[in-house]
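A.B. asks: Just need the whole structure built from these sequences, with the hints factored in.
Residue numbers (this note's numbering), protein chains in the order written: chain A, 1 to 281; chain B, 1 to 199.
Misleading hints may appear alongside valid ones.
Some chain A residues well away from chain B (every beta-carbon gap over 10 Å; in silico) [said to hold, decoys possible]:
no., residue
1, E28
2, G98
3, G165
4, R185
5, E194
6, K220
In silico DMTMM-like pairs for lysine to aspartate or glutamate, Cα to Cα no more than 25 Å straight-line [to be verified]:
no., chain 1, residue 1, chain 2, residue 2
7, A, K55, B, D19
8, A, K172, B, E165
9, A, K55, B, E13
10, A, K150, B, D50
11, B, K29, A, E66
12, B, K175, A, E48
13, B, K141, A, D38
14, A, K150, B, E165
These are calculated hints, taken from the structure and not from any lab test. Note that beta-carbon positions come from the ideal geometry of N, C-alpha and C, so glycine has one too.
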Amino acid sequence: MKPDKANEYFSAYFEGTLPEGLRPQFEELLENSPAVADEYASFVAGYESLEWLGKQPVAIPADLHETIMRRVDRVAHEKKLVKKSWFGGNLRMAWLGGLGLIAILATGLSLVRPSGNQRLAEAGTGIGVSQSEPAFLFSVVDSQPTVRIKSYQADTISVEDMDSGQQLKQFKVVEGQSVEIPIQREGANQAAIEVRSLQAQKSVVVVLPSQAATGALSGKGSVIQFARDYANRVQRPVFVEVTEPTKMLAWQYASQPGADVNFEGYLLRLEVKSAYVRLRD
Amino acid sequence: MSESASQDLMLIERARSGDHTAFNDLVSKHEQRAYQYAYRLTGSVDEASDVVADAFVRVFNALGNFKGQAAFSTWLYRIITNCYLDAKKKERSRPSVSLDSTIKGDGGGEYERQFEDTSDGPSEHLERSERERLMQSALTKMPEYQRAMLVMYHVENLSYEEIAENLDLPLGTVKSRMNRARMALREVLQSQLELFRLQ
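C.D. replies: This is the structure in structure tokens:
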């Protein structure tokens with residue numbers, strides 16, 4: 001066996017599958033050639049590092065299932081549309097044509113009316129409307145709530161403690177980059193941490209529970225107050241993404257300590273996951 | 001056939017007949033492992049999510065073609081690998097920048113280009129060990145095909161036979177290419193191996 005060909009047998013030797021006929025030759029080379037021995041040692045180190053990497057857990061994005069199913073649903077929907085009959089298809093075309101005509105007329109009218117223009121401009125500033133707005137993603141990795149922000153423009157992200165009003169951190173984000181912000185607090189007290197995009201003026205709030213669970217079956221207060229109550233109830237962080245977090249509402253738990261809640265004054269959506277809760281409009 | 005494989009077949013059969021909940025269940029069952037594989041291939045949270053979502057769309061479109069001769073997971077791995085290789089092909093056809101490239105600053109000086117790499121900048125707070133970061137970084141410097149083989153074998157614990165089936169290659173070819181891939185990884189890791197030995 002030539003020393004320069006020895007590396008072809010590294011995997012087989014390490015995995016114990018090198019044919020018996022080749023094994024003694026290979027071992028002799030390992031013993032007598034420091035260069036081959038060194039190369040083999042670094043090969044083994046690389047191999048073992050790969051094995052080690054395989055054992056490291058990978059954090060799964062909280063919205064992975066939604067991302068997949070959203071894309072699948074879109075394809076399923078498109079398939080259904082294609083399957084529609086020729087007659088149905090043409091009816092749809094006529095309908096869309098009519099809508100298009102109305103849209104053209106409306107656009108024409110809006111161009112001659114200044115108030116119409118203003119309304120169109122404002123439509124893009126709502127949460128989740130403009131593509132330039134940052135996307136907020138949540139996850140809990142090793143019990144650590146994390147907010148991940150993907151920014152489509154240069155932005156500054158501010159992290160504030162809502163109770164003290166103190167700014168905890170500030171990050172600059174380059175266009176197209178993501179930043180991950182672990183949400184932490186001092187001690188075990190309840191905390192409401194606001195993560196705000198200063199450029200887009202969009203924010204989310206993460207409410208961390210205290211150890212004292214709440215027992216009341218109903219309550220009144222702002223959306224954030226409800227989030228605090230609920231975080232304590234289920235002992236999980238609550239990610240709040242609503243347009244009006246200060247809006248007042250009343251809530252009533254349907255069961256103790258169940259997740260069902262009846263709201264009055266503001267209809268909220270609760271998504272209860274195993275590691276956290278999402279509260280949305 | 002294992003219980004898990006027959007459960008997959010049942011879900012696929014129901015999904016084929018239009019039961020959307022069955023497909024949803026199939027996704028739930030496999031998405032985590034699929035993501036883990038995609039993440040080790042891409043080294044990026046966003047790219048991995050994209051690859052996995054694309055793969056499940058392909059699965060959805062090709063449900064009728066699944067004959068059940070191989071396990072669903074084997075089929076899924078093959079699809080994820082193809083999605084990943086296709087994404088890389090597309091990426092190559094677009095203008096791109098080297099990972100090692102620098103950019104000129106206003107004052108004429110050079111500074112490192114910033115990438116969407118969760119190990120950079122503020123995300124250094126992430127609890128990811130330096131060793132894992134180095135390994136992942138080394139993997140992402142490998143040619144895509146070699147990377148896919150290494151991840152399938154070492155991270156996903158697929159056998160050589162399963163990899164051969166996934167990549168449609170003879171077993172001997174897989175073994176020799178795998179050895180070459182490990183040697184190539186060794187080259188990439190050369191500068192970091194001392195660090196690994198110390199740990």
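A.B. asks: Take the hints in turn and mark each one as holding or not.
C.D. replies: Cross-check of the supplied hints:
no.	hint	result
1	E28	20 Å, holds
2	G98	31 Å, holds
3	G165	22 Å, holds
4	R185	14 Å, holds
5	E194	17 Å, holds
6	K220	37 Å, holds
7	A:K55 x B:D19	36 Å, violated
8	A:K172 x B:E165	47 Å, violated
9	A:K55 x B:E13	33 Å, violated
10	A:K150 x B:D50	14 Å, holds
11	B:K29 x A:E66	14 Å, holds
12	B:K175 x A:E48	17 Å, holds
13	B:K141 x A:D38	23 Å, holds
14	A:K150 x B:E165	37 Å, violated
Going through the hint list in order, the structure does not satisfy hints 7, 8, 9, 14.
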